[in-house]
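Peer 1: Here is what each chain is made of, one letter per residue.
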Amino acid sequence: MPITTTRRRLLAGSAAALALPAFARAEGAVKPRLTAISQWSAGSDGAAITALGKKFEEKGGIWQHSPVPGFTTDMMNKLRAQIIAGDPPACSQLKGPEIAAWSKIAPTVDLDAVVAAAGYEKVVAPDLAKLHKPAGKWIALPLQIYSTNMLFLSKRGMDKAKADKVPVTWADFNELAEKMKSAGMAYPIANGGTRADDGQKFEASLAGISPTAYRAACMNLDKKALEGPEMKAAFAQTRKISDWCDPNVGVQPYATNLKRFVDGDMGMLIMGGWAQGVLKNAGFKFDDYVITPGPSDNSKPVFLLNADAFIFWQRKEADLQAGQMLMAQLVMDPAIQTMYSQITGSIPVRTDVDLTGEGWSDGQRTTAAALKNAMGNNQAVLSLAHNMAQENGLTAAIIDVITEYVKNKTIKPDEAVSRLAEAVEGAR
Amino acid sequence: MTEIVSIATRPGRSATSEMVRRLPEFLMIWVPLLLSAAHLISFSIWTIWISFTPSTLIPVSGWVGLHNYNSVLASRNWQIAFDNLLLFGIAFVLLSLTTGLLLAILLDQRIRGENVLRTIFLYPLAVSFVVTGTVWSWLLNPGIGIEKLAHDLGWTSFHFDWLVNRDMAIWTIVIAAIWQSSGFAMALFLAGLRSVDSDIIKAAQIDGAGPIRTYWRVILPTLWPITVTVIVVQLQFAISAFDLVRALTNGGPGIATQLPALVVYDLMFQRSQLGRGAAAAVLMLLILLAVLLPYAAWRYVRQRRAAHA
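Here the protein sequences come in this chain order: F and P. Residue numbers for the first sequence follow my numbering, beginning at 1 and rising by one. Residue numbers for the second sequence follow my numbering, beginning at 429 and rising by one.
These are calculated hints, taken from the structure and not from any lab test. Virtual Cβ for every residue (Gly too), placed ideally from N, Cα, C. Do not take every clue at face value.
Simulated DEER-style distance windows between Cβ atoms [to be verified]:
id, chain 1, residue 1, chain 2, residue 2, range
1, F, K412, P, L462, 29 to 37 Å
2, F, A186, P, L494, 32 to 40 Å
3, F, A81, P, P482, 16 to 24 Å
4, F, A81, P, R538, 53 to 61 Å
5, F, E57, P, L720, 37 to 45 Å
Below, simulated DMTMM-like cross-link-like pairs (lysine to aspartate or glutamate); rule was C-alpha separation at most 25 Å, straight line [claimed, not checked]:
id, chain 1, residue 1, chain 2, residue 2
6, F, K300, F, D263
7, F, K31, F, E317
8, P, K630, P, D511
9, F, K133, F, D87
10, F, K409, P, D589
11, F, K412, P, E542
12, F, K259, P, D589
13, F, K240, P, D589
14, P, K576, F, E391
15, F, K137, F, D159
16, F, K412, P, D595
17, F, K409, P, E446
18, F, K155, F, D87
19, F, K300, F, D352
20, P, K576, F, D263
21, F, K223, F, D352
22, F, K78, P, D671
23, F, K316, F, D110
24, F, K232, F, D414
25, F, K181, P, D671
26, F, K133, F, E422
27, F, K162, F, D243
28, F, K409, P, D671
29, F, K181, P, E542
30, F, K137, F, E121
31, P, K576, F, D352
32, F, K240, P, D511
33, F, K412, P, D671
34, F, K300, F, E391
35, F, K165, F, E175
36, F, K259, P, D671
37, F, K133, F, E317
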């Protein structure tokens, strides 16, 4: 990445800072300051945002990040409290359709000029871009992308099952799972049992069976699609996956299974790219597993998009405004996105970043290639389980049905389809 | 009180100095009381108001009538939560009551090491519910807890998977809650047992009553007021149970162990549906009142009777 671009952007940033109220100019250039809240406090997420803060400080800014650890909802409660008090942070973590919902309750910053200056729109997936400009103007910026339906294959698990072919379709996947089971693996699939995990099992199934049906049902909530045959097939596939999972895992996350997965006692895991960061933090090597796009019945990769983003809230203070502009430039900067994704295991939002170089893993390269391929075939869709397709209330109502279906094996796929359609109707 | 009255009626003291002298008492009792009452009442009224508005992310004004109530009552989450509350409330209160009473009676036998045992049984009460929930979630997990221990010891047919069995999972909450709070019931009952007039017990013994008969006919009836107190305290815990469930099962597997407090939290903070969350909270308040109002009435009647007697 050419360093001159960054420097030019920095100059533009300082120029913007100079064009601020008179009192600020009287004291010379105002020092950009950014108040930010996010849930990223620890692990690779915490390390990544700390590194971003360092870059912000290197550019002469004052970085005031208050992480709210725990669930995303805890962070959102703080955001809510600050907005009601009339003191929103200059920028905060927020994603998916919640950006549109929250932008209605407090004024946001119009980022169109700075986005245009960076030529950012051309290099962002269109469905993703739409989420960040709900009323036609950019008010939020995506920072990194994960696919929620990557397929992780345990090398030792594959060896144990004497399998060398990477599954492409759901039929391949099911065949491999059976093969692993007959090779002595009691539970070939290493997924966990959290709500989001159950949601991922279903969305991976449906999008893999038909991305068109997924778009109609989960993104557009089309009534016909919600009751269509693909939904029933997806529930049936979800049941298969959950039957291959360890029932004792209960509601624990997939991370509980990672050792068994790497050791080859479990063979496959359908998870977002973030699992790579978790595996790395747990001390496992890249050679322990292979990452490939999730099963797709038309053999072309389907990409279930999950993107973290920052939304920018309107502030009157000159230093905060300057800080917002600096932050926006940093978030869009390919070098920063590279740095960030290399820490967390995600892929950059920009589709023009070169991932061949050092610091990237094969899994990240596969993911980035899958995104490009899926975008070309219109098979990049927004993840339901990770709150990208619908607002939280609707998502939760849908996941209720899915997670109950996964845990209660007496519910038939037919019944699940009608329950899901009812839940959507009730939550609207 | 008697001392205050006697001072107040002592001649030669002005009314003003008397007021100044009693000022600290008023400040200490009335200010906190009024403040907490104002908090309680104002927030309750506010929640009730929100429950009739179309509020989602933040509170907004407007009127939607009973819409929020209808959608909460129609939702599967609430229905499951309500059924669970009935089961959990009754099972938990009865079992913790009987366990507590049994422990108290056993401890009442003037045994050696009573203090140590009493501390052990009371100790769980000092542990927060989140810790209790987490520890029990490990113990009850078939893969790492009691079931695995039994398997490792050679009892391979042993099966105890309640935590991940959606029909039985609610009982794991009952188990953990009893472990936590039967010590509380025990302490109250023990105090009750110790305060029974020894003359009555001696009289019963002279009349030829055996130990079981003495307990059943003479001592236990005097524990009635304590029993009611324990029931009410435990019931209000059961109705507002949140942290224990959140740490132990988090409403799962699936949504099998939902309880009303989880539904309220979920609606308000995870689904950003403040109006519906407030409606669910008001419904919880109504359930609590259904327990507390009869208790208040019972106490009132008892006090009147005592005053007349």
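Peer 1: None of the hints should be skipped; say for each whether it holds.
Peer 2: Hint check:
no. : hint                        : result
1   : F:K412 - P:L462: 29 to 37 Å : violated (58 Å)
2   : F:A186 - P:L494: 32 to 40 Å : violated (51 Å)
3   : F:A81 - P:P482: 16 to 24 Å  : holds (21 Å)
4   : F:A81 - P:R538: 53 to 61 Å  : holds (56 Å)
5   : F:E57 - P:L720: 37 to 45 Å  : violated (56 Å)
6   : F:K300 - F:D263             : violated (30 Å)
7   : F:K31 - F:E317              : holds (11 Å)
8   : P:K630 - P:D511             : violated (47 Å)
9   : F:K133 - F:D87              : holds (23 Å)
10  : F:K409 - P:D589             : holds (16 Å)
11  : F:K412 - P:E542             : violated (56 Å)
12  : F:K259 - P:D589             : holds (22 Å)
13  : F:K240 - P:D589             : holds (21 Å)
14  : P:K576 - F:E391             : violated (41 Å)
15  : F:K137 - F:D159             : violated (52 Å)
16  : F:K412 - P:D595             : holds (17 Å)
17  : F:K409 - P:E446             : violated (75 Å)
18  : F:K155 - F:D87              : violated (51 Å)
19  : F:K300 - F:D352             : holds (21 Å)
20  : P:K576 - F:D263             : holds (20 Å)
21  : F:K223 - F:D352             : violated (37 Å)
22  : F:K78 - P:D671              : holds (20 Å)
23  : F:K316 - F:D110             : holds (14 Å)
24  : F:K232 - F:D414             : holds (6 Å)
25  : F:K181 - P:D671             : violated (39 Å)
26  : F:K133 - F:E422             : violated (30 Å)
27  : F:K162 - F:D243             : holds (22 Å)
28  : F:K409 - P:D671             : violated (28 Å)
29  : F:K181 - P:E542             : violated (55 Å)
30  : F:K137 - F:E121             : holds (11 Å)
31  : P:K576 - F:D352             : violated (51 Å)
32  : F:K240 - P:D511             : violated (30 Å)
33  : F:K412 - P:D671             : violated (33 Å)
34  : F:K300 - F:E391             : violated (28 Å)
35  : F:K165 - F:E175             : holds (11 Å)
36  : F:K259 - P:D671             : violated (30 Å)
37  : F:K133 - F:E317             : holds (24 Å)
Hints 1, 2, 5, 6, 8, 11, 14, 15, 17, 18, 21, 25, 26, 28, 29, 31, 32, 33, 34, 36 from the earlier list are contradicted by this structure; the remaining hints agree with it.
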